[in-house]
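K.L.:
Put chain P with the ligands on the given structure of chain D with help from the hints.
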Amino acid sequence: MDYPEIDRYASLDSPIHRFDPRAKIITFVLLLISFVFVQKISVAFLALLFSLLLLLVSKLPIRFILKRVQIVLIFVLPLLIIMPLTVKGTELFSVFGISATREGLWYASLIVIRSMAAVILILTMLGSMRFDTTIKALYTLKAPKTLVQMLMFTYRYIFVIIDEFLSMWRAMSAKGFNPRTNMYGLSVMGNMVGMLIVKSYERGERVYQAMISRGYTGNPKTRTAFAMRRTDYVLSAIFVGIAILVHINTVMM
Amino acid sequence: MTKEAVSIRDLNYSYPDGTVALEDINITIEEGERIAIIGQNGAGKTTLFLHLNGTIKSCDNNVVIFGKDIGQMKSKERIEKVGVVFQDPDDQLFMPTIFDDVAFGPINMGLDEDEVERRVRSALATVGLTGFEDRVPHHLSYGQKKRAALAAVLSMEPRILVLDEPTANLDPMNRASLIELINDLNRDKGITTIVAMHDVNAVSQLADRIYVLNKRMVAEGPPTEIFMDFDLLRENNLDAPDVFKLFSVLSCFGFNCESLPLSINEAVEVLTKTIEGDEKHVHLHIHEHTHEDLEVLMHRYDHHHG
Ligand SMILES: Nc1ncnc2c1ncn2[C@@H]1O[C@H](COP(=O)(O)OP(=O)(O)OP(=O)(O)O)[C@@H](O)[C@H]1O
Ligand SMILES: [Mg+2]
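Going down the list, the sequences are from chains D and P.
250 is the number of the first residue of the first sequence in the working numbering; add one for each residue after it.
35 is the number of the first residue of the second sequence in the working numbering; add one for each residue after it.
Chain D with its partners taken away, still in its complex shape (with noise of 0.2 Å):
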């Protein structure tokens, strides 16, 4: 079964693997937010260009991770058409007297450039480690228990739910079902996200009666053991230091 994972990666050896994962969730979260405020396109291409950097380092398959970046890209590469045409400013060029705007190009090309940078550190961290000791770190970060618990579960269960979404497909295909459009199609695929939420509905409830079983009380209570090194440290703080010259010359502007 090819599950759509993003810690296929994880085992393997870099020093963004290696990276202490407390350090690396709070240190790539401080680039990330010094990175989306950037204001100037040099900046934001040198936030992209360091995301590269970090991406190499990590020796993640390039593809994998550009096949990830893609998906966000859908997103944000049409805000190059809208915003030029929609903006005021200098004009560049008019089509049916419609004016496209220098601005417009400008800020558009902030907002991909900065997603990019963005995006792509945030797929280096959780590639670099597996999700599981992501989700460890963050609850040794005191991160909120809601938050802890909830992704702890879609973890675990997004992969039973798209085994039980593929079995329901396969047993509709195999009685000759098709996947159109029309009316018909639609509602038998509504069926089955129907189906499919009940299902999750069931097991949630058995689910919470099989943690009761075992002495949950409400608190998530796992064990982790990590421990800082040197190298973490200095680590932390060249990365801590990207962040805050990146967001001084923000502000400074």
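Simulated from the structure, these hints should not be mistaken for laboratory data.
We put the beta carbon where it would ideally sit given N, CA and C, even for glycine.
Mixed in with the good hints, there may be bad ones.
Here are the simulated distance ranges between beta carbons [as the list claims (entries may be wrong)]: (1) 439/D to 51/P: 21 to 29 Å; (2) 262/D to 49/P: 27 to 35 Å; (3) 454/D to 164/P: 27 to 35 Å; (4) 232/P to 454/D: 18 to 26 Å; (5) 49/P to 336/D: 56 to 64 Å; (6) 479/D to 49/P: 56 to 64 Å; (7) 472/D to 276/P: 45 to 53 Å.
P.N.:
Leaving out everything else, chain P with the ligands in the frame of chain D:
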């Protein structure tokens, strides 16, 4: 002297939607017994098990474990006494890794780190999953998940082990090793085992006493007695073990033995005893009632024309 491990008095339960699941249930199980609960789909086996460890709370204080009302127990005490392994291992393995899952119970019991570690290792070793600590559940095979789910309960070292359909969907090798494992736990550690199963061929290997459930407790007794009762089986949509049926057929052909065997092992024993005994061989023949007897017998086992 044996203690009463489980005692249930006049238990009734309906689900919130009005489905009556259990009616007037009375059972008493001594410590160290091996019990099977059999009953058709929807008979209420799972519902009954949810009462045994207090997951469903009955209001009338009628589920008593080792002399103490389960409703009054603290969560820690409750899970030390009764461990339930559920039917679907995907429901039971809810933590991100096998280690986390098997450690879940012990951590909730408030044990210290070393003890948690020790219990996880020993539980995983018991079910033969040493080295699987860091694996994620969705990368395990069904049989491995099933064993991991058992380890997750064994790590709490419960005095009573309750298993819902432990052998369903397992290959013959895994099935045999699971049965052996459950019996070892019963024999070596004196753990009381209660299983629900549909697999009548395996029941006699796992139980000395059977309860037949169909919303109510319709019968109770040793396996041979239960499987002899054709009407009981038919009324409750149950079947007799294949070996038992075969020897019922043989007895129509004049084969004589004290009690009909329920499993291959027992069959070997019975045959050996007969052949080593006075008769020196197994004598089968057609006598005047054979055809008649066979017809009656086959009719009794036929579920479609009850
Ligand atoms: N959450 C629920 N809400 C309402 N009714 C339920 C619920 N769970 C089970 N039931 C009903 O209660 C009855 C007993 O169900 P239960 O699951 O205990 O049977 P079972 O003996 O375990 O069956 P199986 O052999 O199929 O596992 C059934 O009629 C079932 O439909
Ligand atoms: Mg059941």
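K.L.:
Does each hint hold? Answer for all of them.
P.N.:
Tested hints:
1. 439/D to 51/P: 21 to 29 Å: 24 Å, holds
2. 262/D to 49/P: 27 to 35 Å: Since the Cβ atoms of residue 262/D and residue 49/P sit about 52 Å apart, the hinted range of 27 to 35 Å is violated.
3. 454/D to 164/P: 27 to 35 Å: The hinted range 27 to 35 Å holds for residue 454/D and residue 164/P, with Cβ atoms some 33 Å apart.
4. 232/P to 454/D: 18 to 26 Å: Given range 18 to 26 Å: holds, Cβ gap about 23 Å.
5. 49/P to 336/D: 56 to 64 Å: 59 Å, holds
6. 479/D to 49/P: 56 to 64 Å: Between residue 479/D and residue 49/P, where Cβ atoms are some 59 Å apart, the hint holds.
7. 472/D to 276/P: 45 to 53 Å: Holds: the Cβ-Cβ distance is about 47 Å, inside 45 to 53 Å.
Taken one by one, the earlier hints fail for this structure only at number 2.
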